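J.: Now for the letters of each chain:
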Amino acid sequence: MSQPARIPLRDEFNSRAHDALGDAQLRRNFRGAMDSLMEKRAAAFSDADERERLRTLGNHIRARALSRLPDLLEQLESNLTANGIQVHWAETTEQANRIVLDIAERRQARQVIKGKSMVSEEMDMNHVLADHGIECLESDMGEYIIQLDHEKPSHIIMPAIHKNADQVARLFERELGEPYTRDVNQLIQTGRRILRQKFFDADIGVSGVNFAVAETGTLVLVENEGNGRMSTTVPKVHIAVTGIEKVVAHLRDVVPLLSLLTRSALGQPITTYINMISRPRQAGERDGPEEVHLVLLDNGRSQAFADSELRQTLNCIRCGACMNHCPVYTRVGGHTYGEVYPGPIGAIITPHLVGLDKVPDHPSASSLCGACGEVCPVRIPIPSLLRRLREENVSRPDPGHAVMRGQGSKYSALESTVWTLWRTLYTRPLLYRLFRFFATRLRALTPSRLGPWTEHRGAPKPAARSLHELARKHLEQSR
Amino acid sequence: MSAKARILDKLRHSLAGTETLPDDFDETLVTEPWRYPPEQRLARLRELMEAVRTEIHLTSQTQWPDLLAALLAEKQLTRLLIAPETDHGRQLTAHWSTRSDASLSTLSLSLSPQGRGDRIDGPVLSPLSLEGRGAGGEGETAAGSGTDSTQEHSPSDLPALHAYDRPVEEWKHELFHDTPASLTGTVGAIAATGSLILCPDRHEPRLMSLVPPVHFALLRASTIHDNLYEAQRALNWRAGMPTNALLISGPSKTADIEQVLAYGAHGPKDLVVLILEDA
Numbered sequence: 000m001s002q003p004a005r006i007p008l009r010d011e012f013n014s015r016a017h018d019a020l021g022d023a024q025l026r027r028n029f030r031g032a033m034d035s036l037m038e039k040r041a042a043a044f045s046d047a048d049e050r051e052r053l054r055t056l057g058n059h060i061r062a063r064a065l066s067r068l069p070d071l072l073e074q075l076e077s078n079l080t081a082n083g084i085q086v087h088w089a090e091t092t093e094q095a096n097r098i099v100l101d102i103a104e105r106r107q108a109r110q111v112i113k114g115k116s117m118v119s120e121e122m123d124m125n126h127v128l129a130d131h132g133i134e135c136l137e138s139d140m141g142e143y144i145i146q147l148d149h150e151k152p153s154h155i156i157m158p159a160i161h162k163n164a165d166q167v168a169r170l171f172e173r174e175l176g177e178p179y180t181r182d183v184n185q186l187i188q189t190g191r192r193i194l195r196q197k198f199f200d201a202d203i204g205v206s207g208v209n210f211a212v213a214e215t216g217t218l219v220l221v222e223n224e225g226n227g228r229m230s231t232t233v234p235k236v237h238i239a240v241t242g243i244e245k246v247v248a249h250l251r252d253v254v255p256l257l258s259l260l261t262r263s264a265l266g267q268p269i270t271t272y273i274n275m276i277s278r279p280r281q282a283g284e285r286d287g288p289e290e291v292h293l294v295l296l297d298n299g300r301s302q303a304f305a306d307s308e309l310r311q312t313l314n315c316i317r318c319g320a321c322m323n324h325c326p327v328y329t330r331v332g333g334h335t336y337g338e339v340y341p342g343p344i345g346a347i348i349t350p351h352l353v354g355l356d357k358v359p360d361h362p363s364a365s366s367l368c369g370a371c372g373e374v375c376p377v378r379i380p381i382p383s384l385l386r387r388l389r390e391e392n393v394s395r396p397d398p399g400h401a402v403m404r405g406q407g408s409k410y411s412a413l414e415s416t417v418w419t420l421w422r423t424l425y426t427r428p429l430l431y432r433l434f435r436f437f438a439t440r441l442r443a444l445t446p447s448r449l450g451p452w453t454e455h456r457g458a459p460k461p462a463a464r465s466l467h468e469l470a471r472k473h474l475e476q477s478r
Numbered sequence: 000m001s002a003k004a005r006i007l008d009k010l011r012h013s014l015a016g017t018e019t020l021p022d023d024f025d026e027t028l029v030t031e032p033w034r035y036p037p038e039q040r041l042a043r044l045r046e047l048m049e050a051v052r053t054e055i056h057l058t059s060q061t062q063w064p065d066l067l068a069a070l071l072a073e074k075q076l077t078r079l080l081i082a083p084e085t086d087h088g089r090q091l092t093a094h095w096s097t098r099s100d101a102s103l104s105t106l107s108l109s110l111s112p113q114g115r116g117d118r119i120d121g122p123v124l125s126p127l128s129l130e131g132r133g134a135g136g137e138g139e140t141a142a143g144s145g146t147d148s149t150q151e152h153s154p155s156d157l158p159a160l161h162a163y164d165r166p167v168e169e170w171k172h173e174l175f176h177d178t179p180a181s182l183t184g185t186v187g188a189i190a191a192t193g194s195l196i197l198c199p200d201r202h203e204p205r206l207m208s209l210v211p212p213v214h215f216a217l218l219r220a221s222t223i224h225d226n227l228y229e230a231q232r233a234l235n236w237r238a239g240m241p242t243n244a245l246l247i248s249g250p251s252k253t254a255d256i257e258q259v260l261a262y263g264a265h266g267p268k269d270l271v272v273l274i275l276e277d278a
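Chains A and B, in that order, give the protein sequences. Using numbering that gives the first Met the number 0, you'd call the opening residue of the first sequence number 0 and step up by one each time. Using numbering that gives the first Met the number 0, you'd call the opening residue of the second sequence number 0 and step up by one each time.
Errors might be hidden in some of the hints.
As the list claims (entries may be wrong) - Covered stretches of chain A (chain B as the covering partner; in silico rule of three or more C-beta atoms under 8 Å from a C-beta of chain B): (1) 24-38; (2) 156-169; (3) 246-256; (4) 265-273.
Unchecked claim - Among chain B residues calculated to face chain A with C-beta under 7 Å, some are: (5) Leu10; (6) Ser13; (7) Leu28; (8) Thr192; (9) Tyr228; (10) Met240; (11) Lys252; (12) Gly266.
None of these hints come from the bench; they were simulated from the model. For clarity, every value in this text was computed on a predicted model and none was experimentally measured. Virtual Cβ for every residue (Gly too), placed ideally from N, Cα, C.
Using the sequences and the accompanying hints, generate a full structural model.
T.: So this is what it looks like as structure tokens:
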């Protein structure tokens, strides 16, 4: 396979959204997929009382883990090390890639096979390894498809959900020289055949982690396809990469989280494989990796952690339910967001990873309808966090004391003054009455063009008489 | 200062003056909705596993090798990967050799010399040599039923048993390209989610339940747990996890293209569970 070229983001959020909205095929693909995922989730949580209590438990488990995160990380490291798994820490994606490259260089690795890992997407690992002459191939069917087409995932669980079978068939025809077929089973069998050889040849397997259990030193991986098991079992070296927030205290904590994760994501009672890895290959064992590494990546997470409200972002177990239920995501698709994590959860995570000034439109890409918060299995108050980020966006830049990188990039002195004026008028009755009098009498002077607002709408005009005046008049007449 | 120290410093600084939240884990939430009367446990497991295209057969401690032979014949599988040092591996090996002995004697009476020659040239068990034919013990009990069904299946029904008795590096190509089926044990199952529990070890390695396209798994009915929480406790995982522990709930599958469910993504295309009701 030829190495994918780096595709620069084409434009800002709005223009990408505009294009996506004009793409009927894309909208059909998303609409169909999201409707089906919502139905499946609803069916999997048929007992609303059980669902709500389980969500509360999930929230408490995650919040409790975060309330002692540094201790748990140290406990995790010490138990993993005792089990023979090597732990590495990285503050930035550059450091994380350096760790992976060092292992690859020491093992003289030429080929890396990857199970699904959103953190490796943050790291842009495929390209970084390719720059060092190492092939890094995705093995999750969806990820494989988009890697072939040089794209980013458009959904965190279903990375190729924006494509239909016809598009995949044409891609396989073009890139792999396979005969065209729309038969999904045949397309999957093609992927299986090609990737089996890659598992066979790979020197290193890379995976993500769904839950890292501190008390036992165990990495828990959740999947349906078996590519995660292949990646973590066949090659001689397994490197797991994960965010520092993925740790849970106890093995039992995994039980409700697993149930919440698979039911929220796919409506399944469980996925085909739950793979719990606690050690590399032991003496006398006949397979399994000789070396297992865990890379713990910060990449902005400690910034979210520093603020007790924003910290809730780190509860996330990456089920994707918020995007499945988001009216904005469903219409514009994942690529519109232009970042690794799309949808509502992306809008609250990405600012910490890349800086709010890089994605100032993300917190606004929401109608605040509240669906994301309602379905979140660990009760992240996504709508409130979106509002909070909107505030951070427009607050006066305060480099020394800002809670987040890139805060204040949408600050406008004019806008700020207008709001201050509005607040003053509306909180002082005398001033308000005066303002009302002039606004109704001088309504003809209201501007008829108000920026983007009037592109598709008429400009608002105050009424000739205020409601107060009309009411008073009505009362006088009826007396 | 290392990355580790800096990350932990930042986190500790952010937590300064805060309390650790209390552990209010409510185990009733993960147990009570997921409990089944003993007589329904197996039915629940079966229903969920069949819903994801798992083939389930009820059998017994003595009958399963014959059932396995019949299933292998039906699926036209000519080789079966086994773990020779496990109890079930030994039982199967012994059973195979008694059955092939029986077949041979039937053959010598009824078939042409050429047919007999084929059988003798093709070793029953390869490459394993220690666990030879006529191994006693569990094989004896199976011998009776074995003779019965010999009359229903020609000797070619008995596929070659292939032992996973070396490090994978020594036979990786064969594993990937010439191993159509495997048989593993399980350490239990979970009725709530329809899952098998496997703990691969030095005798029964990890790849046995992953690489061959057809995976046969033996499950003792008495080891079916109601839910994962109780299974974790019963297996005492908190005190020490196995190197690798797996929950397997059906054959490998994906819905990555258009949400269309397709089986046989990367792991087994077929999962066949033989449940030993008396064990």
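J.: Taking the hints in turn, state whether each one holds.
T.: Hint check:
Note: the stretch 24-38 of chain A has 5 residues with beta-carbon separation from chain B under 8 Å; the three-residue rule is met and the coverage holds. A stretch counts as covered by a chain when three or more of its residues have a beta carbon under 8 Å from one of that chain; for the stretch 156-169 of chain A and chain B the count is 8, and the coverage holds. Coverage of the stretch 246-256 of chain A by chain B holds in this model, with 7 residues showing a Cβ closer than 8 Å to a Cβ of that chain against a need of three. Coverage of a stretch by a chain is defined here by at least three residues with a beta carbon nearer than 8 Å to that chain's beta carbons; for the stretch 265-273 of chain A and chain B the count is 7, and the condition holds.
A hinted interface residue such as B:Leu10 counts as satisfied when its beta carbon comes closer than 7 Å to some beta carbon of chain A; here the least separation is about 4 Å, so the hint holds. Using the Cβ-Cβ criterion of 7 Å, the hint placing B:Ser13 at the interface with chain A is satisfied: the shortest such distance is roughly 4 Å. With a least beta-carbon distance of about 6 Å to chain A, the hint placing B:Leu28 at the interface is held under the 7 Å criterion. For B:Thr192, the suggested interface contact is upheld, since its CB lies about 4 Å from the closest CB of chain A, less than 7 Å.
Nearest Cβ of chain A to the Cβ of B:Tyr228: about 5 Å, under the 7 Å cut. The hint holds. Of the supplied interface hints, the one on B:Met240 holds, with its beta-carbon coming within about 4 Å of a beta-carbon of chain A, less than 7 Å. The beta carbon of B:Lys252 is positioned within 7 Å of a beta carbon in chain A (closest approach about 5 Å), and the interface hint is therefore held. The closest approach between the C-beta of B:Gly266 and any C-beta of chain A is roughly 3 Å, which is under the 7 Å cut-off, so the hint is satisfied.
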